[in-house]
Structure formats: structure tokens, C-alpha cells
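2 protein chains.
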Amino acid sequence: MTTAPDVAARLQAALGERVDTSDAARHAARADKSGHAASGLPIAVVHARSVEDVQATLRIATETRTPVVTRGAGTGLAGGANAGAGEIALSVRGMDRILEVRPDDLLAVVEPGILNADLNAALAEHGLWWAPDPASRAISTVGGNIATGAGGLLCAKYGVVRDAVLGVDLVLADGRLLQLGHRTVKGVTGLDLTSLVIGSEGTLGVVVGATLKLRRVVPGVVCTVAATFPDVRAAAAASAAVTASGVQPSIMELMDAASLRAVHDLLSLDAPSPGAAQLTIQTDGPAADVEADAIAATLRAVGGTVAVTHDRAEGERLLAIRRSMHPAMERLGTTLIEDVSVPRSALPAMFDEIARVEREHGIVIPTVAHAGDGNLHPNFIFEGEVGEDGTVEVPPAIWDAADDLFRSALRLGGTLTGEHGIGILKRRWLADELGDDQWELQRRITQVFDPLGILNPGKVFSA
Amino acid sequence: MTTAPDVAARLQAALGERVDTSDAARHAARADKSGHAASGLPIAVVHARSVEDVQATLRIATETRTPVVTRGAGTGLAGGANAGAGEIALSVRGMDRILEVRPDDLLAVVEPGILNADLNAALAEHGLWWAPDPASRAISTVGGNIATGAGGLLCAKYGVVRDAVLGVDLVLADGRLLQLGHRTVKGVTGLDLTSLVIGSEGTLGVVVGATLKLRRVVPGVVCTVAATFPDVRAAAAASAAVTASGVQPSIMELMDAASLRAVHDLLSLDAPSPGAAQLTIQTDGPAADVEADAIAATLRAVGGTVAVTHDRAEGERLLAIRRSMHPAMERLGTTLIEDVSVPRSALPAMFDEIARVEREHGIVIPTVAHAGDGNLHPNFIFEGEVGEDGTVEVPPAIWDAADDLFRSALRLGGTLTGEHGIGILKRRWLADELGDDQWELQRRITQVFDPLGILNPGKVFSA
Chain L
22 MTTAPDVAAR LQAALGERVD TSDAARHAAR ADKSGHAASG LPIAVVHARS
72 VEDVQATLRI ATETRTPVVT RGAGTGLAGG ANAGAGEIAL SVRGMDRILE
122 VRPDDLLAVV EPGILNADLN AALAEHGLWW APDPASRAIS TVGGNIATGA
172 GGLLCAKYGV VRDAVLGVDL VLADGRLLQL GHRTVKGVTG LDLTSLVIGS
222 EGTLGVVVGA TLKLRRVVPG VVCTVAATFP DVRAAAAASA AVTASGVQPS
272 IMELMDAASL RAVHDLLSLD APSPGAAQLT IQTDGPAADV EADAIAATLR
322 AVGGTVAVTH DRAEGERLLA IRRSMHPAME RLGTTLIEDV SVPRSALPAM
372 FDEIARVERE HGIVIPTVAH AGDGNLHPNF IFEGEVGEDG TVEVPPAIWD
422 AADDLFRSAL RLGGTLTGEH GIGILKRRWL ADELGDDQWE LQRRITQVFD
472 PLGILNPGKV FSA
Chain X
22 MTTAPDVAAR LQAALGERVD TSDAARHAAR ADKSGHAASG LPIAVVHARS
72 VEDVQATLRI ATETRTPVVT RGAGTGLAGG ANAGAGEIAL SVRGMDRILE
122 VRPDDLLAVV EPGILNADLN AALAEHGLWW APDPASRAIS TVGGNIATGA
172 GGLLCAKYGV VRDAVLGVDL VLADGRLLQL GHRTVKGVTG LDLTSLVIGS
222 EGTLGVVVGA TLKLRRVVPG VVCTVAATFP DVRAAAAASA AVTASGVQPS
272 IMELMDAASL RAVHDLLSLD APSPGAAQLT IQTDGPAADV EADAIAATLR
322 AVGGTVAVTH DRAEGERLLA IRRSMHPAME RLGTTLIEDV SVPRSALPAM
372 FDEIARVERE HGIVIPTVAH AGDGNLHPNF IFEGEVGEDG TVEVPPAIWD
422 AADDLFRSAL RLGGTLTGEH GIGILKRRWL ADELGDDQWE LQRRITQVFD
472 PLGILNPGKV FSA
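Quick note, the sequences are listed as chains L and X, same order.
Just so we're aligned, residue 22 is where the first sequence starts under my numbering, counting upward by one.
Just so we're aligned, residue 22 is where the second sequence starts under my numbering, counting upward by one.
Errors might be hidden in some of the hints.
Because identical chains cannot be distinguished in the list, a pair is counted as satisfied if it fits within a single copy or across any two copies.
To be verified - The calculated lysine to any residue pairs, modelled on SDA-like cross-linking and capped at a C-alpha distance of 25 Å, are:
#1 54 with 123
#2 234 with 84
#3 54 with 311
#4 178 with 147
#5 234 with 266
#6 234 with 261
#7 234 with 432
#8 234 with 461
Calculated from the structure, these hints are not laboratory results.
Take the sequences, apply the hints, and build the full model.
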């Protein structure tokens with residue numbers, strides 16, 4: 022049996038100053054933006070700067086049977102990258118180079134630690150764009166976006182991470198490096214392991230590089246439509262009417278009454294009408310103005326009070342209300358941010374279910390939704406006991422309410438998680454969605470990649 | 022040891038008239054459109070009409086350790102669905118119902134045996150469209166499109182099969198039914214087994230249903246641009262110039278001189294200039310006319326002789342030249358249709374390689390390309406000895422030339438197969454592209470789904 026000090030010593034012998042055993046670094050690696058923290062402190066944090074650093078770490082992990090938790094910027098919302106006692110935290114945040122940009126092939130090759138926003142700032146100089154835009158894009162890494170299969174606001178029109186990655190370089194648990202995928206638009210040679218790795222949350226290997234599929238920056242103006250409705254069900258039905266009209270917005274965000282009120286408080290705006298919910302919609306591309314006017318007409322026809330602007334700055338001001346959701350929630354208490362997704366037609370029914378859960382469990386669940394794709398973020402508010410390290414435990418009563426809400430989403434044909442992942446916080450519901458047979462099959466696939474079970478154990482597949 | 026007659030008897034006892042042991046049916050199941058045929062005759066052809074039929078077949082196959090080869094319409098070009106001695110041919114062609122169309126959720130649920138074109142005819146009544154458009158769409162099934170991860174002409178703008186499937190129902194080798202994927206736009210619960218099944222060529226299970234992601238029929242006109250160039254390299258460079266200009270055509274097809282000449286012969290058109298190659302480009306959507314004019318200007322600037330039409334019928338007449346490629350080739354001799362794909366910027370270099378292979382091997386390789394996405398179909402022409410059943414063996418010298426061409430594509434950052442699959446005809450090159458480690462990992466993943474190795478053995482992964 023290798024002890025933790027032995028493992029730390031072997032890492033230091035191989036990787037020198039890349040290995041950080043300070044309390045501060047180990048404490049930071051325990052938690053992510055979910056507020057959840059792992060038990061105990063990891064053995065060390067390895068700050069990898071190269072593929073070889075990652076390979077060396079994994080060889081030592083394999084030899085000593087030590088679990089490895091890969092981390093990017095630690096912005097996850099499901100505890101998937103939290104490292105605890107007996108584990109190595111492997112940070113790839115420092116591997117943040119852009120290795121290649123090919124405007125002619127509309128691709129870029131990057132290291133995993135680059136921030137999404139930093140990548141897009143660099144691509145903009147070429148008139149290019151990597152479309153995935155999680156709300157965290159200013160602070161989250163491309164590798165983390167890949168590990169979780171991240172989404173964002175623009176997905177209904179421009180796709181999710183899975184639509185925007187051609188290949189990944191993956192270091193296996195034993196340190197071998199595989200190059201998965203291709204640099205071509207089409208490619209069907211063998212099994213699609215690239216898609217398998219996307220969203221696998223660190224259970225199959227360590228992504229040390231990615232070939233990304235780019236788009237050109239969309240030309241033309243961006244128009245914004247803001248519409249209020251007497252209640253959230255009417256707003257949800259209105260978003261369905263927009264989808265049904267055949268016009269494709271780039272963004273279509275819904276805020277329920279509690280969210281809207283909290284943001285208005287935060288921003289010192291006039292209070293919205295009691296019960297009022299809001300849709301904020303953007304259109305882009307060559308027909309943006311025509312499409313915005315068509316959407317406005319659709320929304321008015323279903324009872325909305327509608328404002329349209331063809332001015333980009335004014336549009337950003339309207340969208341800022343939506344973007345202020347998280348700080349507004351933080352003022353209400355401690356939050357568990359959930360992430361169910363339902364077929365778009367089920368959005369009104371899902372809001373009915375949220376109202377039912379609020380009533381039956383006696384709690385408040387302000388909810389925003391990416392209404393264009395049926396992805397909801399219910400925020401469960403509670404009085405959390407903040408631990409000495411700033412982390413919180415979600416009370417059992419809140420999990421009971423979340424359980425009720427998850428089951429409603431599944432009944433409506435939906436899914437537990439649209440874009441945040443399973444991590445540690447949702448693993449107990451995974452088999453409810455997959456079924457026991459598929460759960461077992463998926464677990465066995467992880468064992469093909471990781472026969473010793475050292476890659477992020479206890480996450481996703483553990484009960 | 023269970024004998025073939027035993028297996029046939031057990032199938033007949035369970036499935037009655039669904040089991041066809043006639044020579045005609047068994048002969049037909051040996052071959053596909055590649056011209057390749059399996060050795061010997063399969064035990065029987067099971068014409069499944071339901072999920073239960075498929076499950077019953079696979080339970081008997083598992084109990085008797087009998088290989089199963091799943092077939093749709095038999096239009097494959099890699100021998101992937103050819104069934105031979107000792108095997109059960111399981112046809113799902115008769116499972117061709119559309120179970121659900123949801124315009125509000127932009128999805129349809131279908132059985133695997135429906136023809137792509139039949140599905141799209143039915144969807145058109147709802148103003149909807151399943152985008153994958155392999156050239157075989159009038160005769161190939163949705164299940165076959167999924168099994169091969171099919172592409173087509175519209176992929177650069179509208180994506181491939183992998184971009185257009187939300188979920189699949191899969192019967193495993195032991196007869197269990199799994200529901201993979203979801204009905205939502207976003208969903209990251211567990212591993213993405215739907216993507217893993219797409220393109221897996223019958224090695225992981227039998228697809229018995231699919232939830233398809235639909236688009237609305239694109240409004241507006243379709244414009245067509247036809248341009249000739251003095252040689253194929255100039256045409257390839259011109260296609261790259263179009264991609265670089267940022268205008269996204271819906272279709273961009275390239276025909277080299279030999280292809281163009283053969284089609285002009287077939288259609289009794291005036292002979293093209295010696296050496297001349299052609300680009301045929303279509304634009305669609307609200308800005309189709311503006312985009313067509315911009316593309317025409319780009320092509321003229323790089324030396325093209327350009328014709329533009331905003332008339333749909335005239336455009337179809339121009340595109341008919343491209344669509345006549347296969348019958349034109351059939352008049353030249355027997356053909357091995359290949360399917361390499363390279364990064365778009367490498368298209369001119371790949372045509373140089375094809376010319377080199379023609380010279381060095383003393384053969385003619387008329388080539389068409391989906392130039393918008395870098396996918397080439399070189400047609401190796403040879404004098405084939407047609408067997409008694411109409412199938413042909415590709416001569417070793419032709420395979421040597423193909424080998425040379427495959428290696429060129431890989432050197433240019435390309436892939437063995439853009440859209441046809443590995444099947445039986447390309448399995449010996451698979452490890453060259455994947456590397457031995459990835460080849461072995463992929464093979465082990467198939468064993469998780471199919472521990473007895475009865476699903477399409479000898480295809481894709483066998484050496």
C-alpha cells in the first residue's frame with residue numbers, strides 16, 4: 022500500500038515545482054462553484070504545463086493506484102472536479118495555449134486550460150468564433166466545457182459543445198496518449214470516441230488538447246426583443262409560439278416572476294408587475310431586423326407587452342437583466358442551481374411542476390430558462406450553514422424538493438441535466454434516467470478506459 | 022455445437038413466416054452496392070417487423086452463438102451489411118413506420134427501415150426536413166444512414182447524421198432493449214452512447230428506432246452557380262476561395278475532367294474542353310440570390326467561366342450533371358468507389374496525389390468531391406470479372422493503388438472514410454488511421470456491448 026506522502030514524494034521527484042502541497046492549493050481543489058466540497062484534502066495539486074506532465078502524473082497514479090481528479094478553472098456546478106482525501110488534483114488550467122488557428126479549414130487546435138472567452142477574443146482577430154457560450158464563458162475553460170458537454174444561451178441556433186469539437190487528445194489512466202477524432206468536416210472511421218469523451222466528466226481520461234470546429238463571426242446587426250407576460254406560463258407558451266413560427270432566435274431567455282423581481286431589486290429598477298415574467302430574445306445575421314419584428318408580432322399576438330430594439334447597446338442593456346440572475350440569487354440566500362431540460366413543448370407544463378414543488382415543499386425556486394431549447398435552471402433557495410471554508414451542505418429537505426422536480430422533468434420526457442453534468446451531486450438519480458441496464462453498460466465502458474478505476478472515482482457512476 | 026439447420030429451425034419456430042430461407046433471399050443478403058459479396062450463403066434472412074422480432078432473433082443468436090448481420094436496403098458501399106456462411110441476415114427494412122412527428126419539438130420518432138426520401142416526403146407535409154442527404158437517399162434507409170454515419174451533399178451547411186439524431190433504441194446482442202439519448206435539445210446525462218452507435222456499422226447492437234432532430238424546410242429560393250476551370254487543381258483552389266470568402270453554400274460539388282467527360286458522353290452533351298473541371302454550387306435561404314452572386318464573383322476572380330441561375334429548374338438541370346456521375350462511371354468499366362476526406366485546405370494537394378497515383382499505377386481515377394467539406398469520391402475503374410451472381414472482386418493492383426491513395430489522404434491530415442464506413446473493404450487500413458492503441462480500445466468497447474462477438478463479426482475491427 023502506497024501512502025499519501027509516498028505519492029506526493031513520487032510526484033515531486035517527477036514533476037518538481039509543478040506539484041503544490043500547500044494547504045491553500047489543496048483547499049481550493051476541494052470545491053467548485055456548486056458550493057459542494059469533497060471530504061478531506063487531496064494529496065497534492067499538480068499544475069500540469071504539458072502533455073508530458075499529465076502523462077507522468079497518470080503513470081504515478083497508476084503505479085500507486087491513486088485516484089486522479091482533473092480540474093480546469095473549478096467553475097463546475099455539479100462537484101465533478103472536486104478532489105478529496107487520498108486523491109491527486111490534476112490541474113490543466115496552465116495548459117492554455119492556442120496551438121493553431123486555420124481560417125481556411127475553420128478549425129483551431131488548443132490546450133484544455135484556455136478560457137472560453139480568451140479563446141474567442143483571439144479568434145475574433147481572424148473573424149472566427151467557437152460557438153459554445155456557457156454563461157460561465159469568461160471564467161470557464163475549453164477543457165471544462167468539453168468535460169461537461171457544456172451548453173449556453175445560443176445553443177438552439179448554434180449548437181452545444183458536442184457540435185463544435187472535431188477531435189480530442191486524451192491521456193488514458195495508464196499515461197498513454199490517444200488522438201481521437203479528425204481534422205475533417207466528415208469522418209466515420211471506427212467508433213466516435215470524441216463524442217464519447219465529450220461530457221464524460223473526467224471518467225475516461227484527461228483531455229490534453231482539442232481540435233475545435235469554428236464558425237465565422239456572424240455578420241449583420243443583433244436585434245433584441247423584450248416582452249413581459251402576466252405570468253410564467255404565458256411566457257413559456259409565448260416562447261413555444263416563437264419556436265412554432267419557424268423564426269430561429271439566437272437567444273431566447275425566460276425569467277419567472279421571482280427571478281425578475283430579484284434582479285430588479287439588485288439593479289434598483291422599478292419593480293415589475295406582480296407575477297410578471299419576461300422573455301428576452303435576440304436575433305442575428307443578415308435578416309436579424311426582419312426576424313425581430315416577426316417575433317415581436319408573434320409575442321404581441323399571444324398577449325405580450327413588447328419592446329424591440331435594433332440597437333446593439335440597448336439590446337445588451339436589456340439582456341443584462343438576464344445576466345444579473347446569479348448575483349441577484351446570491352442576495353436571497355444560498356442557492357442550489359439545477360439544470361433540467363425538457364422538450365420545448367413541455368416548458369409550460371414544467372413551470373406548472375415547479376410551482377407545484379414550491380407549494381408542496383414550502384420553498385421558493387426562482388427559475389430562468391433557455392427557452393429556445395427547453396433547458397431550465399431552477400434556483401433552490403435555502404438558509405445554508407456556511408462551513409469554515411465557505412462551502413455549504415444542501416439540506417435534505419432541499420434535495421427532497423429537487424428529487425421531486427427531477428422526477429417531474431423525466432416524466433415530461435426530459436433529462437436530469439442539460440449542460441452542467443452529473444458530477445457528484447446528481448449521481449443518485451443517474452440510473453433513474455438511464456435505466457439499470459444502460460447504467461451498467463456505461464460503467465463498463467469507463468472500465469475499458471480506466472480498468473483500475475482511478476479516474477474521478479465516485480463521480481457520475483457511483484451510487 | 023448448434024448446426025445451421027438447427028438455428029434455422031429455431032428461428033422458424035419463434036418467428037414463422039418472417040424467416041426466409043429461400044436461395045434468392047440468401048443470395049441477395051450476401052452483397053451490397055459495393056459489388057463485394059460475402060463467402061457462402063447466410064443461414065436465413067429474418068424479415069423483422071417489430072422490436073420483438075429483433076429481440077427474438079438476437080436471443081436465439083446468443084443462445085446458439087450465431088453471428089448476426091443487420092441489413093437495411095443493402096445500399097452500402099463498404100460491404101458492412103453483407104451476410105455470409107453461418108450468419109443470420111437480420112433485415113429491418115420492413116420496420117418502416119413513422120411513429121411520431123412533433124413540429125413543436127422539431128423531432129420525429131421512426132423505425133429504422135424507412136427510406137430517407139420517404140421520410141422526407143412525409144415530413145415535407147409538416148414543413149419539416151431531416152437534413153442528412155446521402156446521394157443514395159431515394160434508396161437508403163434511415164437505419165442504414167445511422168449505422169454508417171452517412172453524409173451527403175449538404176453537410177458543410179446542414180451537418181451529417183451525427184448532428185441530426187437525438188436518440189436511438191438499441192437491441193443488444195443478448196436481446197435486451199436500451200433507449201439511448203433523449204428528446205431534448207440539450208442533454209448530458211452520462212456518456213453519449215447515441216453518438217457511439219452512429220457509425221458503428223452493426224457492431225454494437227441493432228438500431229430498432231430513432232429520435233431524429235428535424236429542421237424546418239428552408240424558405241426562399243435556391244440559386245445555382247456552375248463554373249468551369251482549366252484543370253482540377255484550379256477548381257479545387259476556387260472551392261477553397263469560396264470557403265475562405267465566408268459565404269456558406271448549401272452544395273458545392275467538384276467534378277474532375279474524367280468525370281465531366283464521362284457524364285457529358287452519357288448525357289450526349291457537347292464535350293467539355295480537354296482537362297476542364299467543374300464546380301456546381303447552390304445557395305439557399307433568404308439571402309440565396311445575394312450569396313450566389315457573391316460566389317460567382319469569387320469564382321470569376323480566380324479564373325472561372327461562370328454561369329448563374331436563380332431559377333430552380335435550371336439549377337436542377339445543372340446539378341443533374343453531377344448526379345449522373347454513377348451511371349456515367351458504370352459505362353467506363355467496373356468501379357471501386359472510394360471515400361477519403363481531407364481538410365478543405367488540402368483539397369488541391371489531394372487532387373495532385375490522385376494524379377500521381379493515376380500516373381504511377383497506370384489507371385484512371387475519375388473523381389468527384391463534396392468540395393464544401395473536403396470529401397472526395399475517387400472512382401477506381403477496372404475490368405472486373407463479374408461473378409455468376411453479379412458481384413466482382415477488386416483486383417489486387419487496384420487495391421494497391423487505393424492503398425497508396427489512402428496513405429496520401431492520411432498524410433494530408435485526412436481520413437479513410439468520410440461517409441461510407443469501414444465495413445469489410447477498408448478494415449485493413451483502420452489501425453493505420455486509429456493507431457494500434459485506439460484500435461484495441463475501440464475493439465474492447467464493442468466487446469462491452471457484444472461479449473460473444475456475434476454482431477457483424479469480421480466487419481470494421483477484424484484484420
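Which numbered hints fail: 1, 2, 3, 8
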